[in-house]
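Trainee: Below are the chains, spelled out letter by letter.
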Amino acid sequence: MTKHEVDRLKVLCEHYVAGCLTNSTLEELEQWLARDETARLVFLTYLEVHAGLGWEARSLGWGRGTMPGDLAHVAAATAPTGAQSADCRARVPALSSRTPLWWVGSLATVLVVLIGIWFTMRWPVFTGESIAKVRDVRHASGYGGRELLVGTELSRGLLDLQSGLLEIETNSRVTLILEGPAQMQLHDALHATLLRGNLVVRMAKGESGFVVNTPQMKVTDLGTEFGVSATPEGVSRVQVYEGKVRAEAADAAGLELVAGQMLSRQAGGALTPGTFKEDRFIRQFPPRRPDEDEGGVLYNRSHLERVRVAALPSGKAVVIDGRLDEWDRSVAFRSACEPPFASTYHVEGMMMYDAANLYLAAQVGDPEPMRNAGAREGMEFAGGSVIVRLAADRELGGPLKGSAEDVAMSRRKGTAPLPDSVSDRVANLILWHDARSGQARLKLAYGFDSHGTVIPEPGAGWSGRFVKDDDGRGYTVEFAIPWRFLHAGQDPPRAGDVLGALWMVHWSDADGILCRGQMVDITRPGFDREREHLRKIPPGSYFQFGPAWGRAEFLPATGR
Amino acid sequence: MSSTPPIFESKDSELAAADERFVSLLVANQPRVYRFLVTLVPQRQDVEDLFQQTCLTLWQSRAKFDASAGEFASWACGIAHNHVRNFRRRESTRRTLLSEEVAELLVATREQHASFLDDCHRALHRCMAGLTTHQRSVLEDCYGSEGGGGIKLAAESSGRSANALYKVVRHIRGILHECIQRTVLEGGAR
Numbered sequence: 073m074t075k076h077e078v079d080r081l082k083v084l085c086e087h088y089v090a091g092c093l094t095n096s097t098l099e100e101l102e103q104w105l106a107r108d109e110t111a112r113l114v115f116l117t118y119l120e121v122h123a124g125l126g127w128e129a130r131s132l133g134w135g136r137g138t139m140p141g142d143l144a145h146v147a148a149a150t151a152p153t154g155a156q157s158a159d160c161r162a163r164v165p166a167l168s169s170r171t172p173l174w175w176v177g178s179l180a181t182v183l184v185v186l187i188g189i190w191f192t193m194r195w196p197v198f199t200g201e202s203i204a205k206v207r208d209v210r211h212a213s214g215y216g217g218r219e220l221l222v223g224t225e226l227s228r229g230l231l232d233l234q235s236g237l238l239e240i241e242t243n244s245r246v247t248l249i250l251e252g253p254a255q256m257q258l259h260d261a262l263h264a265t266l267l268r269g270n271l272v273v274r275m276a277k278g279e280s281g282f283v284v285n286t287p288q289m290k291v292t293d294l295g296t297e298f299g300v301s302a303t304p305e306g307v308s309r310v311q312v313y314e315g316k317v318r319a320e321a322a323d324a325a326g327l328e329l330v331a332g333q334m335l336s337r338q339a340g341g342a343l344t345p346g347t348f349k350e351d352r353f354i355r356q357f358p359p360r361r362p363d364e365d366e367g368g369v370l371y372n373r374s375h376l377e378r379v380r381v382a383a384l385p386s387g388k389a390v391v392i393d394g395r396l397d398e399w400d401r402s403v404a405f406r407s408a409c410e411p412p413f414a415s416t417y418h419v420e421g422m423m424m425y426d427a428a429n430l431y432l433a434a435q436v437g438d439p440e441p442m443r444n445a446g447a448r449e450g451m452e453f454a455g456g457s458v459i460v461r462l463a464a465d466r467e468l469g470g471p472l473k474g475s476a477e478d479v480a481m482s483r484r485k486g487t488a489p490l491p492d493s494v495s496d497r498v499a500n501l502i503l504w505h506d507a508r509s510g511q512a513r514l515k516l517a518y519g520f521d522s523h524g525t526v527i528p529e530p531g532a533g534w535s536g537r538f539v540k541d542d543d544g545r546g547y548t549v550e551f552a553i554p555w556r557f558l559h560a561g562q563d564p565p566r567a568g569d570v571l572g573a574l575w576m577v578h579w580s581d582a583d584g585i586l587c588r589g590q591m592v593d594i595t596r597p598g599f600d601r602e603r604e605h606l607r608k609i610p611p612g613s614y615f616q617f618g619p620a621w622g623r624a625e626f627l628p629a630t631g632r
Numbered sequence: 213m214s215s216t217p218p219i220f221e222s223k224d225s226e227l228a229a230a231d232e233r234f235v236s237l238l239v240a241n242q243p244r245v246y247r248f249l250v251t252l253v254p255q256r257q258d259v260e261d262l263f264q265q266t267c268l269t270l271w272q273s274r275a276k277f278d279a280s281a282g283e284f285a286s287w288a289c290g291i292a293h294n295h296v297r298n299f300r301r302r303e304s305t306r307r308t309l310l311s312e313e314v315a316e317l318l319v320a321t322r323e324q325h326a327s328f329l330d331d332c333h334r335a336l337h338r339c340m341a342g343l344t345t346h347q348r349s350v351l352e353d354c355y356g357s358e359g360g361g362g363i364k365l366a367a368e369s370s371g372r373s374a375n376a377l378y379k380v381v382r383h384i385r386g387i388l389h390e391c392i393q394r395t396v397l398e399g400g401a402r
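Protein chains in written order, with the numbering used here: chain A, 73 to 632; chain B, 213 to 402.
Since the hints were made in silico from the structure, they are not lab data.
Owing to the predicted nature of the structure, the values given are computational and were not obtained by experimental measurement.
Careful: at least some of the hints might be erroneous.
Under the rule of at most 27 Å between Cα atoms (straight-line distance), these lysine-lysine pairs were calculated in the DSS-like manner [as the list claims (entries may be wrong)]:
id, chain 1, residue 1, chain 2, residue 2
1, A, K75, A, K277
2, A, K205, B, K379
3, B, K276, A, K75
4, A, K349, A, K277
5, A, K82, B, K379
Here chain B is said to cover these stretches of chain A; the calculated rule only asks that three of the stretch's residues, wherever they fall, bring their Cβ under 8 Å from a Cβ of chain B [as the list claims (entries may be wrong)]:
id, segment
6, 76-89
7, 92-103
8, 119-128
Beta carbons are placed, not taken as given, at the ideal position from N, Cα and C, and that holds for glycine.
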């Protein structure tokens with residue numbers, strides 16, 4: 073085990089004896105103990121201290137009562153929530169995401185079997201160098217819903233942030249604020265690669281030299297605070313808040329930017345000046361409300377492979393009023409976040425079609441409904457949204473083969489990408505309620521390269537409506553989107569078609585800015601086995617990977 | 213609660229001698245049973261209850277103990293494990309309990325490395341001797357506080373914050389853990 077792994081296991085032990093394990097950390101601990109004998113032995117030796125002290129206390133008359141570990145006591149141990157109690161959060165040490173999945177780079181470090189070492193009278197030699205530490209978190213979860221908590225030591229490797237906000241301080245005193253969903257490779261205390269997401273970099277006074285690579289540019293800090301973003305649409309942006317930076321691209325002339333300036337670059341394009349927007353990046357953690365509770369990690373395990381798409385009976389029309397009276401509910405599917413959030417964060421989704429339109433509807437459980445106030449460029453979904461992906465082209469067949477990975481690879485090699493990787497008829501439909509204008513909004517992008525991104529104005533041919541539940545604990549969304557928006561107006565899907573599809577729901581924080589968690593469903597089971605020797609695709613990135621998509625089956629009209 | 217099981221006077225001297233031997237074994241192995249329980253059930257009050265139940269069952273089952281069939285500790289821990297299983301069934305909604313499968317693996321690992329873990333336990337005594345008076349006092353306050361308050365109660369009575377006190381206890385536990393590793397490595401636990 074690496075030093076990081078042992079440290080993390082000790083922290084899990086502390087949570088265990090404190091009765092402060094959440095559902096996800098309990099699961100993590102169990103999985104670890106189940107597969108690794110060394111971990112079991114480390115766990116047992118750590119528990120020896122706790123047990124030994126407890127025994128001393130009772131046998132030597134220190135008194136009777138609760139062990140110091142029992143912070144949360146029975147109340148927390150039996151609490152019907154996956155979250156830690158306030159006591160636990162205040163007192164148990166912070167817990168990081170699971171090390172092996174984050175820290176791919178440390179996999180080469182030495183694994184030592186503890187008991188073998190004991191027999192040979194040598195204690196384990198741990199390796200792995202910490203280069204940064206998590207300073208603050210807000211709704212942050214990693215791969216598979218792993219909790220990311222304060223105090224985590226980070227070494228070189230890939231940081232996969234599914235949702236929320238993470239503040240990191242590197243050993244070079246550089247502050248990084250990463251907004252999820254994001255993927256960032258931390259190379260050392262002065263060098264990171266942002267693959268996706270938003271990152272703010274703040275240097276200590278008088279220091280400089282931090283370098284951020286994105287898929288489209290390299291940004292070198294020259295003593296400053298700046299934001300960098302990398303979107304699934306293949307756009308990289310840099311915006312300077314203080315001081316200056318140098319932005320470079322392999323095939324474009326480098327430029328220096330000063331405070332108040334912004335540059336963007338698309339694949340193969342030039343570094344293009346753009347409009348500076350103060351709120352493009354989250355530079356500070358939003359203040360916590362006095363009663364705010366992190367509430368645990370929101371995520372789901374996909375269990376649905378298909379969604380049935382009902383045909384709208386001829387002569388009938390769908391009124392986009394958020395009431396769903398005309399809907400054939402027999403095709404509804406239900407998905408929910410993992411317990412204990414299943415009854416609070418869930419979705420019942422439906423799809424219908426006719427020759428003119430694709431109809432989408434969902435009833436979403438959401439304690440903070442319709443608050444999307446951010447609508448920041450590229451992050452429109454984060455403040456709460458429903459996203460439907462559909463490959464509206466029967467010629468593509470299934471399962472889909474295209475992916476963002478294929479797009480990137482083909483660009484590097486100068487070869488042609490797979491047809492569905494860049495198809496105009498592989499559509500991303502992002503639906504959200506703009507709390508500022510009170511209007512439903514739609515964003516479209518195409519292919520796994522997310523080209524052709526557009527946010528058509530309301531009234532531009534599509535219609536959508538969000539209606540808040542009477543109890544304020546959710547909302548209903550209903551949309552009609554003409555097939556021409558999916559480039560399928562001349563040849564819309566018809567009965568019998570089986571097309572690639574994927575659904576996602578994002579929930580926000582109370583301010584409607586930060587992504588609080590997500591649900592991903594309608595996926596193809598077993599697709600990851602085909603990638604046995606490759607890096608796992610996190611659920612938050614399934615939308616960029618065609619083989620992960622499930623299917624939408626277009627039903628014949630029933631005449632109801 | 214008392215850790216001593218009820219001992220009844222036997223009219224039969226042979227039986228009384230057997231009971232005496234049994235009690236000796238029981239007392240000698242109580243720490244191991246207790247540590248075994250803590251592994252599977254971390255909360256002190258639960259451990260206390262299960263420990264009492266286990267001791268009572270052991271006493272009531274003393275006639276079934278066959279010294280030639282195996283060592284006492286394994287038999288006693290087996291009975292303790294049965295109590296934990298029953299407890300788990302009763303408390304199935306508790307999310308801080310490890311699953312049955314993982315618990316079984318831990319039991320197997322503990323059994324396989326019992327000697328090593330006993331060394332760790334012995335090393336703990338040595339390591340505690342190396343603590344400062346203040347550190348030992350903190351442990352005594354926290355582990356020995358009455359009323360189920362643990363650190364919270366100890367913090368209140370000492371005028372410190374529970375958070376600060378917890379950090380101190382965690383730090384001391386870390387020191388002890390490293391110390392027992394080092395001690396066992398150097399063979400000093402035997």
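Trainee: Would you list, in rising numerical order, the hints stated earlier that this structure does not obey?
Mentor: 1, 3
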